[in-house]
Structures are given as C-alpha cells and as structure tokens.
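Asker: From first to last, the protein sequence lines are chains A and B.
Residues in the first sequence are numbered from 1 upward in steps of one, following the working numbering.
Residues in the second sequence are numbered from 1001 upward in steps of one, following the working numbering.
Keep in mind that the hints were calculated from the coordinates and are not lab data.
Glycine included, each C-beta is placed from N, C-alpha and C at the ideal position.
Check before you lean on any hint, since a few could be wrong.
Stated by the list, open to error - With a straight-line cut-off of 20 Å between C-alpha atoms, the simulated SDA-like cross-links for lysine to any residue are: (1) A:254 / B:1270; (2) A:416 / A:433; (3) B:1409 / B:1434; (4) A:313 / A:346; (5) B:1115 / A:410; (6) A:416 / B:1085; (7) B:1230 / A:130; (8) A:416 / B:1111; (9) B:1188 / A:495; (10) A:130 / A:141; (11) A:254 / B:1111; (12) B:1115 / A:495; (13) B:1230 / A:204; (14) A:415 / B:1109; (15) A:494 / B:1234; (16) A:270 / A:433; (17) A:494 / B:1227; (18) B:1230 / A:270; (19) A:254 / B:1032; (20) A:494 / B:1463; (21) B:1439 / A:433; (22) B:1467 / A:152; (23) A:416 / B:1041; (24) A:415 / B:1056; (25) B:1230 / A:181; (26) A:415 / B:1409; (27) B:1230 / A:152; (28) A:415 / B:1234; (29) B:1439 / A:291; (30) A:494 / B:1254; (31) A:416 / B:1088; (32) A:254 / B:1090.
As the list claims (entries may be wrong) - Listed next, with one range per pair, are the computed distances between beta-carbon atoms: (33) B:1243 / A:295: 37 to 45 Å; (34) B:1442 / A:233: 37 to 45 Å; (35) B:1463 / A:186: 36 to 44 Å; (36) B:1438 / A:482: 47 to 55 Å; (37) A:295 / B:1409: 25 to 33 Å; (38) A:384 / B:1442: 33 to 41 Å; (39) B:1188 / A:134: 25 to 33 Å; (40) B:1435 / A:207: 35 to 43 Å.
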Amino acid sequence: MQNMGKSQSGYFDVAIIGGGVVGSLIAFRLSEYRLRVCLIEKEADLACGASGANSSIVHAGYDPLPGTKKAIFNSRGSQIMQKWCKNLGVPYRRNGAILLAFSLDEELTLRKLLQQGRENQVAGLEILSKEGVLKKEPAISPSITAGLYVPNSATVCPYELTFAGAEIAALNGTTFYFEHRVTAIRKREPPDSESGFHITCNLPYSNDPIDIYSRTVVNAAGVYSDVISAMAGDASFTILARRGEYVVLDKSLKGFIGHTIFQTPNKKGKGVLVTPTVDGNILVGPNSNIVDDPGNTATSRNGLDEVIRMGLKSLPNLDVSQAIRNFAGIRATPSTGDFIVGASEKVKGLFQAAGIESPGLTAAPAIAEELERQVAMYFTPAIERKSDYIKHREPPIRFRDLSGPEQEDLIKKDKKYSSILCRCENITEAEILEAIRRPLGASTINGIKMRTRAGMGRCQGGFCMPRILPILARERSIPMESVTISGMGSEMIKGNKR
Amino acid sequence: MNIENVYDVIVVGGGPAGLSSATSAKCSGSEQVLVIERESWLGGILPQCIHTGFGLMEFKEELTGPEYASRSIRKARDAGVSFLLNTAVLSISGSIDSDKTREVTVSGELTGIRKIRARAVILAMGCREKPLGSIGIPGNRCAGIFTAGSAQRLVNIEGVMPGTEVVILGSGDIGLIMARRITLEGGKVRMVCERMDHPGGLERNVIQCLEDYHIPLLLSSTILEIHGQKRVEAVTVGQFDPTGTLLPDSVRRIQCDTVLLSVGLIPENELSVAAGVRLDPHTRGPIVDSYMQTEQSGIFACGNVLKVYDLVDEVSGEAILAGKFASAYVHGTLSAMEGIQTDQGQSKEKEKKQESNSEDLLRGNQFQNSDQERRITCTVCPIGCVLTIRFHSGTKPVVEGYSCKRGLKYAQDEMISPVRTLTTCAWTEEIIEEEGTKKVRRREIAVRTDRPIPLRKMIQAAAIIRKYQVPKKVQQGEVLKRNLVKTQANVIVTRE
C-alpha cells in the first residue's frame, strides 16, 4: 500500500497508531464523525502483526476472569461480531468449540470454566461426557475423560476484518499513512499552540521525517503499544512479546473436524487448539514463548514440533503430513494482566487500546465501540456524525463461491474472470486486479495473498507468484524489481538480468 | 473455433502428456479429440525448460524444452487434434450417462462456463512442486524463498533474477538445472543441500550443472533454519550421519539472499479426486489398470499426473499408450487390446538407491586422474554410460563402456577440452504503439548453440548473449549470431 506521491505532513483531530484489527475498527467507527482522522502504520499494509497471525477464533468468553476488561470486551465482542462481519462483508462461521479434559484435574478446571462462563453471560455451555464429545467429533483422542461444549465459539478471517474496517474508513475520508514508523510524540500545550500532539515519523525510503499533528492519539500499536504510550508520556505499563507458532494444513482435510478443539487452559494460556478456518484449512497452534524481539516472527524447530505434538494429543489421527505452511504471531501481553482500554490517566488526549492479547480479535469490535464513545465525547462541543457516510462494505467477489450461472454472468461482463491465476484456491485474474484497485488496495505480494488467498493454497504461490509479480508491477507502474512481499527491503526479486 | 457438444476424447492439460495422448488417440481412430489447456500456450512447463536433454528417445535428437514442445504441438495439429486454450476444467462428472458420455465442465474466455461431453477422458494435468511449508523448515518466511520451478519461470520467461547468492535445497533435476542457469546469468550458487545420501536428479545433471561449475553438493544435509527479517540473509545447514543424527560439528551458517527449493513434485490430482478417481497413496497418482484406466471407467491418466517421471520422453511414450487405450475404449475394443505392465507402487526411491551404490563409488573418481585409468559418466544422453579411459604408456588412451559413437567422442573431448551445448536467453526489442505513444516492448527469447562449445567459455558466452538486443521478431531455428566467441558455434533461437 504505497503512499501515493510524496508523503506530506498533516493536521488531524485523531491519529490512530497501529493498523491491526483494533486500529482499523476504531478508524471505521470514528470515520462516521465530523473528525479529521488518520491511521499511522509502520508496515506497508494493514494486519501485518498479530492481526495477520493468530488463531482466528471468536471466543465465547468463558475464559477471562469476571469483571476484567478482558471479560467485558470479550462478551460484548462475541455478541456483536456476527453482525459486524455481515455489515463488513467478512466471512464468519459459528462452528462451536469443545474443550478437552485428559484427567480429573482438568475436568475440575472445566467445571470452574463453566461457572466462570455463566458469570460472563456465555450461553449454552455444557459439560459433555467422553461419549458425548466423541459423538460430536469422532476423531478426538479416546484418552479424554470429558469435555466442555461451547456452542457460541466461532471463527472469522482476522485480516479480512482488518481490511474491511479500514476500507470503509478510507471511503469515509480517513487518511492512511503506510511505512510510517512513529519515532517521537511530543505533547503540545497552549498558549504555544492548540493542545495536541506532534508525531514524528520515519520513512524507509527517505531521510526526511514526516510531521503529523493531531489533537488526540489513539494507541493501537500492539506489541509496541508500551513504547508508543511512553513516547506520549504515559509509561504506566509494559508489554511482553509472546510468540505463538502455528502449522496450517491443506484443505484436503476439510471435514476432518467441525468444531474448534481446545485443550484445558493452563497458566500459560489457552494451549494448542486445532480448528477449521473459515476458508476450509485446518490450523494447529499456538504454543507460547516469550521473545526479546517483538518483530521476530520466525518459527523454530522445537516450537513446530511442540505444536504438532500437542495437536496430535487432541486428534491422534490428524494428518500432519498435509502441512502447507507454518507461521508465528507475536501477542502483546500487558504487565497489568488486563487489556488497557480508554483515556490515559496520565496524558490528556491519549487513548489506549493497548495490551490486546487473546481474546483480542473477539474483543476488537467492542473495544472500537468503547473508543468511539470516549473519543467523540472528548471534544467540545460534542462531535456529530456526518450527514452522509458509508456504513456497509460490498465484499470483494469470491468467484469460487458463486453458482454456475453467477460465474457465467461475471465472465460475460469481464473476461478476466475466466483466467484462473491461483490454481490451488481458484482465484481469477479479475479478483487479483480488484484486490489491487479497491480502496486501500494491495501493493505487495502478501497484500494480494491476504486479500484474495492467491498463494495460500497447497502450492504456496509456486504457480501464481511469478504471474502475479508482473501484474502488480504493471498495475502500480513500478518495475518488477520494486515489487515487494511486505514492504521496502522485501523485494521479491534481486538482481536484474537486463 | 467451433466447440462440439460431444467429443470422443477430451484431454485435460496441454503439456507433453496431453499433446502426445491426444495425437495418439486421434491417430488411433477417435474422430473428435479436444485438448483443454488453462494457460494461453501449449507445451506445459516445456517453454521455460530452455536446457537440452529432451527428445533423445521420442525424436532421436537432443532438443531443448521449447523445441520439444513445438514438435509435439506440430504433431498434434497435423493429426487434427482440436485445442481449447485459456480454459480451465472445473469438474469431470463422476458418472456416465445413458449415452455413454461423461460431462466435463469448463470455464474459459471463449466458452464462458460450459458443459462438454466426452466418451473418454484422459487426465494429463501434470504435477506441482512441493512448497517450503510442506517440509516444515522453521525460520522466517521472508522474501527470497522460491521453488526451483518458479525461479525458472522468472529467469527464463519474465527475464528477472530471483537473487544473486543462492543456496539450493534438494538436488532434484530442476534444482540442478537452476544451479547452472543462475551461474550462467552471473549469480553465485553457494551450495546444493540434499537430505538423501545420493543426488535426487540425474547423474548427467549433477555433472553438467554442478561439477562443471564447481558448485558444492552437500549430501545427507538440509537447511535447518532460514534467517532474515525482510529478505533472506543466511541459512543454517547441517549434515546427518547414516542413522539420521545431526552432526553438531557440521552445523554452519551460509550467507545468501535466496533459497531455491527442489524437494520433490506431487501429481496434481484435485480434479481426479473430485471425479471419484481413487489415488495410490504411494505415487499420489490415480490407481490405474493395465490399460492406464482409472477406477472410473473411461477416465485414463498419463504423464506426471500418474507418477512423477524423470524424462519428458518417458511421459510422451506413456501418453501415446494412454491415447491408444482411450481410443479403443471409445470403440469398445479395449478388452481386445494387450495391456501394459504398470510399475505402480514400486518405490522410485528404491530404484534410485540401488543405482546410487555404484555412483557413490564413482563420485570420488570424477575428474580425478590416476596413472592407469579414469572413469567418467557420459552426459550426452540420459542413459549415463560409465566410460573407462585406460592409459597405457606410449599408446593412445583406450575408451571402454560407451554404447554409441557419441560416447567415444565425449570421452575424447573430456580428456582434452570438455565441451557443452550452451542454452540461455537473449532479448528482442519491438516498437509497439500503445495509447498513441510508441513503446519498446522487450521479450525474452531462448537460444542455444548449434554445437557444443568449450566448457571454459560458457560463462563468458552467456554474458555476451545476455546483452543481445534483437530489434525484430525472430523465429525458432533462426540463426542469431555466427561464430560465437570464436568457437564456430552459431547461436540459434529455440523459443520465439
């Protein structure tokens, strides 16, 4: 998502820092108001951090301690997610979950979770006998002793949710800065200037910093939210980076399980889950390891082995030879033990959406609602909604999901729908072009992949990548050598034959 | 083009297997034979395989991939086969209707979504490369990781280099070919790692692609981790002992900006499975009878979709049989035909392993002179005869073990000055009008020398050819340049 032309300084009412699912949905909510809003992202695209690499689960809400922000936003998020997804044209599937107990101790934990879930207003929870579990999911290990059935658990595509929110925000006038790394935030006070913040950003392709001025700052910077908060003058918390590794299995295993299969949670977190994704793959993970570098998303041999071992504990016949990819996501674990959401107690005009670890994806819409309320109230006189704004997103065409006659109609309108570029996922050239041309369209190979699924199938881009590369170069009017996987420094090809 | 409602034989895929089976079906008496190809060209992967080594069995001549493709296409056209390009087969019906035909649903520019009927179907979809995720190498998923085949497309069709300092994982043939290709284009191949204790590809490729250019091949080794945030910066490699235990002292970091994967091919059978065809868990290709017919009556399979072959000539040979059988099926005479022995289920690994014992012994002797004798593997054709050159004082050296005259010539050349056929790419420049403005359109063409040139001149010659700008359209077979680097070899076009 290259910035068009030269980046310029700007003046805003709200500057959201971080283009993950939380930042994007806040931008979406605030874009309905008569506010000048910008979103600043250090990467070349949205959803490059934890939002692009997580379990994709909409948790029902039995897990967080009652009364915590995690519990409140989880419950609310779980309730409104389906509606939001419908509105934003994002795939959502309520597939239900089962937590497995392998011992009497774990059964006791499940009973506590059942109680806790009821306190958190989670509907439909039920303890199942071993037979009850195996009836629902025959592939589950016969060594289990019992299970907790969670009918309201769902799966969603986390990056599509991020793209969707940002797309509406952009259509409603929000300014997006990509590849802008915030390096300093200075509080400005009257009488020198209007009260607000002076944000300095560095660009990878220029030595001149960019200045952005904003009356308020919303900190949605994920694993870097402690750094951003401290820059703005609030050092009241720190963030620990926890890496979770995942293995993705091929769609050929579709139907092996229907529910999301958890193990009984322990001190380290929710443990390794096995879940079908909205796109029909099976996802196994995550483990949990604290890492020094929040930017380090490398997977490790031991980590992947651990994930597979734990996945096989739940489902002994899971065909792990069908692995097509592994990845790691970094979760932002806050030192406070709870989400940090709302106005900073230290700095006026700074709003936090920090430390959003699991169940952060689920909570994101609820957090966005809360910040919408708080930020809109902050300004005097109170800010009104615009008279006209876009509320609903027309989802991109997914050719593969259409009926025969619908496909035929599309091909009649645009021949490019008949050209299938990604063979594994059946993605047409027209869909690739749409992903590039939509508002906040893809400018990187990963951007196309996450928007269309081209390259996410079993060949992992072997066929389509060399074909997408020239298309992206042509569409963006850049030489092929400048096309990147994920922003400057990740150029796809290196060295020119000519 | 007029598309019929019913065909005798529909062939899915216009690569070498599809072309040969269609030609054969047509020549065996099937009236209407249609090849459906999703790309805009015929020949499958061959146009990007610009190296030689094709056609010795099928055309009795050593050809490059594009030349082999042209000949196969010409044969099919001459036979009267119909083609439908830019068209994907969406599904093949799992049942036969009362009129003994099966429904094939296609989607294409010309057809839109359309159902066509076939009395017999030949599956010829080929195979695809195994990606990084399937072999579970940990580390970053940064830029600079390619399968060997996609790198080959970038270098030979798109005209760009994937990177400059390369480590290749897997010594499959495509990986070996790409090691040479990158070297000829000015890149540096640091190493080829192979997990097995013997090379994965053909011996002639090990010699012509690695040993010729002094590229190290590390057997019983793998990439343990890929390093780099945005772009590959290095890999950690390690070697294993015969029990499969990692040797700690062997672990080292190698700087590179690119990793190429040549770790195996998998038959592409999504369509087959959806049509109710059962696969052999070992080959991952359809289970077929002695008529190459799958468990679905009237659906045949040939080429790499059935099992992965080393040589395209073998693919074509098998496809010819599949075409005959499919045609006989259409005419109801299949049971009267003599079937073939399929070696399905037999482990390819095992075959290779047996060969490799003798190769291991040889490996150390390659290019090492002893006073009395020297043993080399002939690389003229894929048979790979082991030649022994005996030296006797005062007389001419004696060459033994060759099975054709070219083998003798090869041994003699190797003793004095080794020679190789150079295959590489050049450019054409065409001036085109686009939206009122004149633009230069550059296209990459493939070329070869018409005779072998000295090995020591290969890199120099490739660098000269790389700078060729041909200001016009060229045709296959056209001479681009005479007497390349004073070798008397001419540079001829192999792909327009």
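Asker: Of all the hints given earlier, name the ones this structure violates by number, lowest first.
Answerer: 3, 4, 7, 11, 12, 16, 18, 19, 21, 22, 24, 26, 27, 28, 29, 34, 35, 36, 37, 38 and 39
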